[in-house]
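Undergrad: Spelled out, the chains give:
Number of protein chains: 10
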Amino acid sequence: MNDTIMSKTDAAARVVAARLRRGLSWSEIAEEIGSPLVWTTSALLGQHPMTQEQSEQVCRLLDLDDAVAESLRAQPSRGTDQATMTDPTIYRFVEALAVYGPALKELIHDEFGDGIMSAINFRVDFARHPDPAGDRVVVTFDGKFLDYRW
Amino acid sequence: MNDTIMSKTDAAARVVAARLRRGLSWSEIAEEIGSPLVWTTSALLGQHPMTQEQSEQVCRLLDLDDAVAESLRAQPSRGTDQATMTDPTIYRFVEALAVYGPALKELIHDEFGDGIMSAINFRVDFARHPDPAGDRVVVTFDGKFLDYRW
Amino acid sequence: MNDTIMSKTDAAARVVAARLRRGLSWSEIAEEIGSPLVWTTSALLGQHPMTQEQSEQVCRLLDLDDAVAESLRAQPSRGTDQATMTDPTIYRFVEALAVYGPALKELIHDEFGDGIMSAINFRVDFARHPDPAGDRVVVTFDGKFLDYRW
Amino acid sequence: MNDTIMSKTDAAARVVAARLRRGLSWSEIAEEIGSPLVWTTSALLGQHPMTQEQSEQVCRLLDLDDAVAESLRAQPSRGTDQATMTDPTIYRFVEALAVYGPALKELIHDEFGDGIMSAINFRVDFARHPDPAGDRVVVTFDGKFLDYRW
Amino acid sequence: MNDTIMSKTDAAARVVAARLRRGLSWSEIAEEIGSPLVWTTSALLGQHPMTQEQSEQVCRLLDLDDAVAESLRAQPSRGTDQATMTDPTIYRFVEALAVYGPALKELIHDEFGDGIMSAINFRVDFARHPDPAGDRVVVTFDGKFLDYRW
Amino acid sequence: MNDTIMSKTDAAARVVAARLRRGLSWSEIAEEIGSPLVWTTSALLGQHPMTQEQSEQVCRLLDLDDAVAESLRAQPSRGTDQATMTDPTIYRFVEALAVYGPALKELIHDEFGDGIMSAINFRVDFARHPDPAGDRVVVTFDGKFLDYRW
Amino acid sequence: MNDTIMSKTDAAARVVAARLRRGLSWSEIAEEIGSPLVWTTSALLGQHPMTQEQSEQVCRLLDLDDAVAESLRAQPSRGTDQATMTDPTIYRFVEALAVYGPALKELIHDEFGDGIMSAINFRVDFARHPDPAGDRVVVTFDGKFLDYRW
Amino acid sequence: MNDTIMSKTDAAARVVAARLRRGLSWSEIAEEIGSPLVWTTSALLGQHPMTQEQSEQVCRLLDLDDAVAESLRAQPSRGTDQATMTDPTIYRFVEALAVYGPALKELIHDEFGDGIMSAINFRVDFARHPDPAGDRVVVTFDGKFLDYRW
Amino acid sequence: MNDTIMSKTDAAARVVAARLRRGLSWSEIAEEIGSPLVWTTSALLGQHPMTQEQSEQVCRLLDLDDAVAESLRAQPSRGTDQATMTDPTIYRFVEALAVYGPALKELIHDEFGDGIMSAINFRVDFARHPDPAGDRVVVTFDGKFLDYRW
Amino acid sequence: MNDTIMSKTDAAARVVAARLRRGLSWSEIAEEIGSPLVWTTSALLGQHPMTQEQSEQVCRLLDLDDAVAESLRAQPSRGTDQATMTDPTIYRFVEALAVYGPALKELIHDEFGDGIMSAINFRVDFARHPDPAGDRVVVTFDGKFLDYRW
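Protein chains in written order, with full-length UniProt numbering: chain R, 1 to 150; chain S, 1 to 150; chain C, 1 to 150; chain V, 1 to 150; chain Z, 1 to 150; chain D, 1 to 150; chain U, 1 to 150; chain E, 1 to 150; chain Y, 1 to 150; chain G, 1 to 150.
Calculated directly from the structure, the hints in this document are not laboratory data.
Virtual Cβ for every residue (Gly too), placed ideally from N, Cα, C.
Some clues are possibly wrong.
What the hints assert, rightly or not - Pulled a few chain C residues facing chain V out of the computed Cβ check, cut under 7 Å:
#1 R22
#2 S25
#3 T41
#4 P88
#5 L97
#6 A98
#7 P102
#8 E111
#9 D135
#10 K144
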């Protein structure tokens, strides 16, 4: 048999369509598989490999077939094309880094010394904070400090 | 008189040199002018205009002359060149966006509807969280949700 | 079921073909759904999500099937590829920004202080102004001022 | 004599510094030389050549010497570098074009036929519109329609 | 019905194939529809919309079906991808602009004042000039001068 | 002696300044040295090497010293940076090539066979054609046809 | 017969799918064909041509048909697209070169003289080194020194 | 005092010149400060901050003044410009990654699971291996495996 | 009939497959059609148009059908995408130009005056030169000198 | 002493100026130092390090001081910026590679197997071949074949 594995992009498109047609929120899906919200959303969009069990739970919930589940388990090549990064909703984060990135670097070095925030031993939280002047999007990047160590 | 205003880059270089030579941390400077830590660091690196008073307090503290203070008050052209964005300490944030950006977009639309997190009505917090497995860098992006409104 | 949602690009191509074949103007379509002209055109080209009702009205008017309507309701990833931005009709706006962008920045800061014109709380009007020396294209960008507010 | 003409960039930096130090607004300068606001600001930033009289009025007002005036009269090479175009205040206009550019193209062709809005026979107006929900930046692009004519 | 309009690229590929197989020159086609040579060639390659009559004449002459004719009438998004611009036959024009562009700018400003040669109210002629030292390609760009006029 | 030759850019800046201060047109300079208008302008902007005599005539006319003359005689590295190519006056030529380039390629091959218009055995003419509807900029590219010949 | 050879990308996708479905490691495959681990993995991903025997062994092991084997034997066009190079697992190597590349150049010249490490007469080893503080990825680049020799 | 810190680039140029003029090898310098060879070379080229003691030892050895030492201690912005990365000696490493990068990714995931080789908890060794067929450059990348851990 | 001409890329892929399956060398094919080796290879890869007779001879030899022959006769758009130019075998030529290009320019001007080597009246020879230290690839570029001639 | 080594660019500019002012050809210089023509030109333009003796001979011949000689001996970072590569005299070589590069790759693999022409064990010859139809520039690339050898 010469078949290939369905691409992560195709699997994500099927997940997104099924989610909308069933009227499920991302947090309902995350709850179903018992995984963190941002991780789950990101994995279903193709940025993390799922376990056998996670992939099967999602496909059962969304009534997707085995080819999608197999794709969700595959090791991804991570990243997002530049065109998508300029979508306004994503771009505001890019702009924030362009404005605050050098300050964050200074503060990391000042507080921790020479090193980085890991993007691997790392989690992202997403929350809505009610505010009378307009609710707020609150996103937390939380990564282990890694010092340059020879 | 035909003099120009000192560039923000030159002013920042003078601030950075004076800070190091005096052994002051960014948070000591922020405290001195009574402004938030990330905001102050970012402003001193040239990304925000300071008030008359803030610029004078900083220059007094760091023994910098009036030309620096004037530059710190000027309206910036914000942003960071691409070469700096690939410094490893900053790049981890860029990479995190490449991995989690589309998920954050999905979650914002799912929770709030069509719109964005403002990068203007916005604050960034920086903290060190102690952790027995290695302390963590915790950076919070907190922006007002703005819905697409015609 | 494993079907995906029709892409916004494909839906727009179907809308454009049906519009031409029926000889309808964009303003006749906008009127039909009771929405502003530029918003409606932009939404049908894939830059804004439509409501259930709007998508159904348009598809009824243009005799397009449900897959198109579903695509018109989906959340877009906004933006336009660079090749399209150099089409001469669009490029004149790009050129105008290259010539007047820094002046608009100076004037916004001079009049309002440090901040931006929102591109989200924002509307665009398009009009034809009769002029004996040749009618004029008049495009108005109207966005809420947002001040940098920590 | 082998001297060159002061660059437009250097002249603009001197104009900007003198304006700030004298506390003059761009509209006060525009009024002084009796020219439209956006045109004047843009010309002083190096995007339009001034007349002998305009250049002398400005330099008298701002106490700048003849080398600046000569530069202000010189024919510019127009445009703005990409780094400046991503400053948030300017970028919102760029983003608006990425979202609405193709719609404006459709509307121009639908209303006027095959052609463009001139960026040469063209004016830009800038206004602040009071609004209880927050004042608005209103920028109008007004260019003569030019049809493709062989 | 959900059909889209055939792309200009596809229509051009069909025109080019039919032209070669019938052994027709571009000037024979231009003559058939009574339009200028460069305009006709350019329109058939997808850069100008044709009238109902022109599109039908061409498709009759080349035995192409209505889908091609409809595409030829559609409003184009104009421009050529960079890869094609480096084909040696086209690149020589690009190189000539890189060498003579700044001189043409100087001469336009010196002769006409501040403004441009229109690329819209514009025609291009193509001719072969016999020359004993080798015949010459003679291409004339002829556009209306437009002065910067506020 | 370790001196270098003045750069073509610096020499051009001195020529341009002297020309403006003396109120000479490019055609008066071309006439003075008995060379074609576009060639002379282009050479003085740094795109062609001048002869000893030409360089001395120009420097005498414009009262420029020997270092400029030496630079004008030097072999150039030809071309123009991209930023300059987007100046509106030059860009219209670039845009015309993007629209008509593929048509010119078709016509060259149709009329002459496989080959190119030389950009080396080549001349450019610049003229103003009076026209009651607005005078016209007429630029003629005239190059020897070179066939691909192994 | 007009058939083409299956692309290396398609062949690699089939190899990857078959490997995962059979639960084989890359080293088991490498062992099977008696070739070095990194070479084999790289060849199966399309970066090296295999011999007749190697290609047949692999396809027998993975139950892939002759079209895949033929593709594996074909001469590749080597390299990896930029998007893949920013996958975090690959990017760390890219970053290491950005940090240590100039140092490696200095050391090669200091130790060997003017020349390079060959990337052709070259092998790469991959190993896991156990370490109580966390196992380590150890990758060795081993290439023949080639001196610049006229 | 308004002085800035000498740039890492300037400090490196001074180190390189002094090293050559004194005829010292990089390994003699590394030995002097008791640090690993690649680390030391890289630090002196501006990619790592040195300790007070290391910077003073180096400057004593090379007879460089305090401004250089201060620069060597400063926190770097790491990375190398693209032009330098295409120097043939460095480019061979870049090419090797383009050929073997995807294979290394497969092997890391196959052996360790989903994660990366750290480029921070990381060391590089450089060695010359004698070989009768021509000595070999052997460079070892040795980084701690980091698994994606939420 | 609405058929298009097979693309040069598709034709080349069919030629390459047939060549390999028949075990023919490029020089056997060149000999068959009595044309120079590099020219023939290049033409079959899509960079030169073939004559009716050449295209038929090749297709007879390789048992390819008329659609391939027609494509081989068509006028190409010449050039190679950047990804292919970084294949190591091709890249060495690119690198050689980066190292020796400016020297070749100096030598052409020194020996011939201001002008270029034609890439149109041009031939390339490819040869293998036996050498006890390792056989050599010898590629000769041979083009007519063209002087800048107005 | 904190002095740096004169950059290769500055040294080359001094060599070029001195060569022109003394009226020496590149081959006279090459002869003086007894080195091949293209190598010598390239080395003096900054692409190869010279020996002590070569650098001193050149500086004596051209009356350049020791700082230039020291720079000529330094290890270069090789390569040429993109702007220079589009100078027409150099670009014709670039274009030739874009047209013939893939053919040369095919021929190298067909004749030698999988491998490359070395650009390090490599020489370039430059010659003028008299031809009644116009003299020819003949450039020979001659590099050792290197087979991919693990």
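Undergrad: Against chain V, is C:R22 within 7 Å by beta-carbon distance?
TA: Violated: closest Cβ of chain V sits about 13 Å from C:R22, beyond 7 Å.
Undergrad: Taking the least C-beta to C-beta distance, is C:A98 closer than 7 Å to chain V?
TA: holds (5 Å)
Undergrad: Going by Cβ atoms only, is C:P88 closer than 7 Å to chain V?
TA: holds (5 Å)
Undergrad: Under 7 Å is the threshold here; is the Cβ of C:E111 close enough to any Cβ of chain V for the hint to stand?
TA: holds (5 Å)
Undergrad: Under the criterion of a CB-CB separation shorter than 7 Å, is C:D135 in contact with chain V as hinted?
TA: This hint holds: C:D135 lies near chain V, its Cβ roughly 5 Å from the closest one there, short of 7 Å.
Undergrad: Minimum Cβ distance from C:P102 to chain V below 7 Å?
TA: Because about 5 Å separates C:P102 from the closest Cβ in chain V, which is inside the 7 Å limit, the hint holds.
Undergrad: Verify the interface restraint on C:S25: the C-beta must sit less than 7 Å from at least one C-beta of chain V.
TA: holds (5 Å)
Undergrad: For the restraint on C:T41, tell me whether the closest CB of chain V is nearer than 7 Å.
TA: holds (4 Å)
Undergrad: Given C:K144 was flagged as interface, is its beta-carbon under 7 Å from a beta-carbon of chain V?
TA: With a minimum Cβ separation of about 5 Å from chain V (threshold 7 Å), the hint on C:K144 holds.
Undergrad: Does the nearest C-beta of chain V fall within a distance shorter than 7 Å of the C-beta of C:L97?
TA: holds (5 Å)
In summary, the structure is inconsistent with hint 1 from the numbered list given earlier, while agreeing with all the others.
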